[in-house]
Amino acid sequence: MPDSQGQDQQTPAREQLDAWVEACARSDRSAFKALFAFYAPRIKGYIKRLATDDATAEELTQEVMLTVWRKAKLFDARQASASTWIFRIARNRRIDLARRASKPDLDADEPMLQPEAVEAPDIAAHARDRDARVREALKTLPDDQIALLRRAFFDGLSHSEIAEAEGLPLGTVKSRIRLAFNKLRGVLDPGDI
Amino acid sequence: MTLISIDEELLIARAAGRLSAPMRLLVDTHIALKSDVAAGAAAAEIAGGVLLEDMAMEDMSDTALDVALAAIEAIETGAGEAAGLGTVEPKAAAGAANAALEELLALPDPVRERALEAGAQWRFAAPGVRRIELIREGDATAELLRIEPGHGSPSHTHDGREFTLVLAGAFADGIGRYGRGDLCAVGAETTHRPIAEPGETCFALAVTDGSLKFTGALGAVQRLFGG
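Note that the protein sequences, when read in sequence, are chains A and B.
The first sequence runs 1 to 193 under my numbering.
The second sequence runs 1001 to 1227 under my numbering.
Since the hints were derived computationally from the structure, they do not count as laboratory data.
Backbone N, C-alpha and C fix where the C-beta goes; we use that ideal spot for every residue, glycine too.
Treat the hints with care, since some could be wrong.
[What the hints assert, rightly or not] Below, in silico cross-link-like pairs of lysine-lysine (BS3-like), each with a Cα-Cα straight-line distance of 30 angstroms or less: (1) A:139 <-> A:183; (2) B:1034 <-> A:71; (3) B:1034 <-> A:174; (4) A:139 <-> A:174; (5) A:33 <-> A:183; (6) A:48 <-> A:183; (7) A:139 <-> A:48; (8) A:73 <-> A:33; (9) A:174 <-> A:33; (10) A:183 <-> B:1034; (11) A:71 <-> A:48; (12) B:1034 <-> A:73; (13) B:1034 <-> A:33; (14) A:33 <-> A:48; (15) A:71 <-> A:33.
[Unchecked claim] Some chain B residues near chain A, calculated using beta-carbon distances under 8 angstroms: (16) 1016; (17) 1039; (18) 1043; (19) 1049; (20) 1059.
Using the sequences and the accompanying hints, generate a full structural model.
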């Protein structure tokens, strides 16, 4: 996949990452160290994309990793992979960050860390392998679509803001993201597309 | 009112954390009601996780791991004291309200949780209509409406846009009929007075973005629907 310059480390298998989070629930420090080595620089990379200074990015990354430790008991590999779960934690920190100015008294809850209480049965049945299917589908996407997805996921931009930033017509941005998204969604819900 | 569907921009915005709390509740509740929306939301979150694995890395400082491990020791030491403190109090208080609760318990999970946290106190809104304010964030609000058959939501004016998601029962506004799981957009310019159909009590989640022009996804929603 593009945009992964400077990656000097192989991505561990999904099962390994999941197992490390599960081990954190049993207070296993060495599993935490392994998770930290893999995720902390990536989370910091994510947070720095939001135009945050280095010290703030480092601090928020620490908060995310400590949340991983504290909430590890809520992790359920049948519902989400470690990466998706940790992405949610980082994303939630980012929601907090965006609100800090307007709403200092933050909700202490972690939205969406708990397993989804309501889940369509046909989706739940495939929970274990849907991650793998979306992963495979992502690999088949053209670079230009991946680049726009990254913009939407990590740069906090709406479609029109992406269009402006990339110098592309809004219609092009919309259709590329729609194509990409339909492909990802299609592997979860094959009869729908 | 216009029947709308949750598109990929909203689902990605939800996964990326760009929605206001009221809009997030709206999307989460639609996910609970519609399996196709749930599939899209799941795809977005999985994609977010996979893309995170591939994120260009930023070096942490040399002492970062030691700092984290020290913080973990502090957490483990203090864990015993923190145990037993939860967020059950508002829910327990709401539990005392009893009978009126039955109806709430049948609602989709995200709304039910918020309603219980808000104290499950229905307030008069109009004849036959009661409301519980679930979230207020700036001028953006989410409220739960309970509309008895034959009654309508009070005519109201607001500067922003409003979304209505039907949770139970159905209502009609002269243009269309909207049942459980249907999501409608209401423009500020629209004059409408939806009336709950005979039979089942209608419950709806009403989300308004108020007069503020939000950036990000909510702004995108405004643009999508012509704001």
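Now for the hints, and whether the structure bears them out:
1. Distance hint between residue 139 of chain A and residue 183 of chain A is fulfilled; the C-alpha atoms sit about 11 angstroms from each other, no more than 30 angstroms.
2. Simply put, residue 1034 of chain B and residue 71 of chain A have alpha-carbon atoms about 28 angstroms apart, close enough for the 30 angstroms limit, and the pair holds.
3. With a C-alpha separation of about 23 angstroms, the suggested pairing of residue 1034 of chain B with residue 174 of chain A holds against the 30 angstroms cut-off.
4. Between the alpha carbons of residue 139 of chain A and residue 174 of chain A the distance comes to roughly 20 angstroms, so the proposed pair stays at or under 30 angstroms and holds.
5. About 35 angstroms separates the Cα atoms of residue 33 of chain A and residue 183 of chain A, which puts this hinted pair outside 30 angstroms; it is violated.
6. For the proposed pair residue 48 of chain A and residue 183 of chain A, the alpha carbon gap of about 29 angstroms is at most 30 angstroms, so the pair holds.
7. Distance restraint check for residue 139 of chain A and residue 48 of chain A: the Cα-Cα separation of roughly 25 angstroms lies within the 30 angstroms cut-off, and the hinted pair is therefore satisfied.
8. This hinted pair checks out: residue 73 of chain A and residue 33 of chain A have alpha carbons roughly 17 angstroms apart, not beyond 30 angstroms.
9. A C-alpha spacing of about 40 angstroms is found between residue 174 of chain A and residue 33 of chain A, which places the hinted pair above 30 angstroms, so the restraint is violated.
10. Among the hinted pairs, residue 183 of chain A with residue 1034 of chain B is consistent with the structure: their alpha-carbon atoms are about 19 angstroms apart, no more than 30 angstroms.
11. For the given pair, residue 71 of chain A sits about 24 angstroms from residue 48 of chain A by alpha-carbon distance, which is consistent with the 30 angstroms threshold.
12. Taking the CA atoms of residue 1034 of chain B and residue 73 of chain A, the gap is about 28 angstroms. The hint holds against a cut of 30 angstroms.
13. For the hint pairing residue 1034 of chain B with residue 33 of chain A, the CA-to-CA distance comes to about 40 angstroms; that exceeds 30 angstroms, so the pair is violated.
14. A threshold of 30 angstroms between alpha carbons decides the hint, and for residue 33 of chain A with residue 48 of chain A the separation of about 22 angstroms falls inside it, so the pair holds.
15. The suggested pairing of residue 71 of chain A with residue 33 of chain A holds, with an alpha-carbon distance near 16 angstroms, which does not exceed 30 angstroms.
16. Interface hint status for residue 1016 of chain B: upheld, as the beta-carbon distance to the closest one in chain A is roughly 5 angstroms, under 8 angstroms.
17. Interface restraint check: residue 1039 of chain B against chain A, minimum CB-CB distance 4 angstroms, threshold 8 angstroms, status holds.
18. Because the beta carbon of residue 1043 of chain B sits about 4 angstroms from the nearest beta carbon in chain A, less than 8 angstroms, this interface hint is met.
19. Of the supplied interface hints, the one on residue 1049 of chain B holds, with its beta-carbon coming within about 3 angstroms of a beta-carbon of chain A, less than 8 angstroms.
20. With its C-beta approaching chain A no nearer than about 6 angstroms, residue 1059 of chain B sits inside the 8 angstroms limit, and its interface hint holds.
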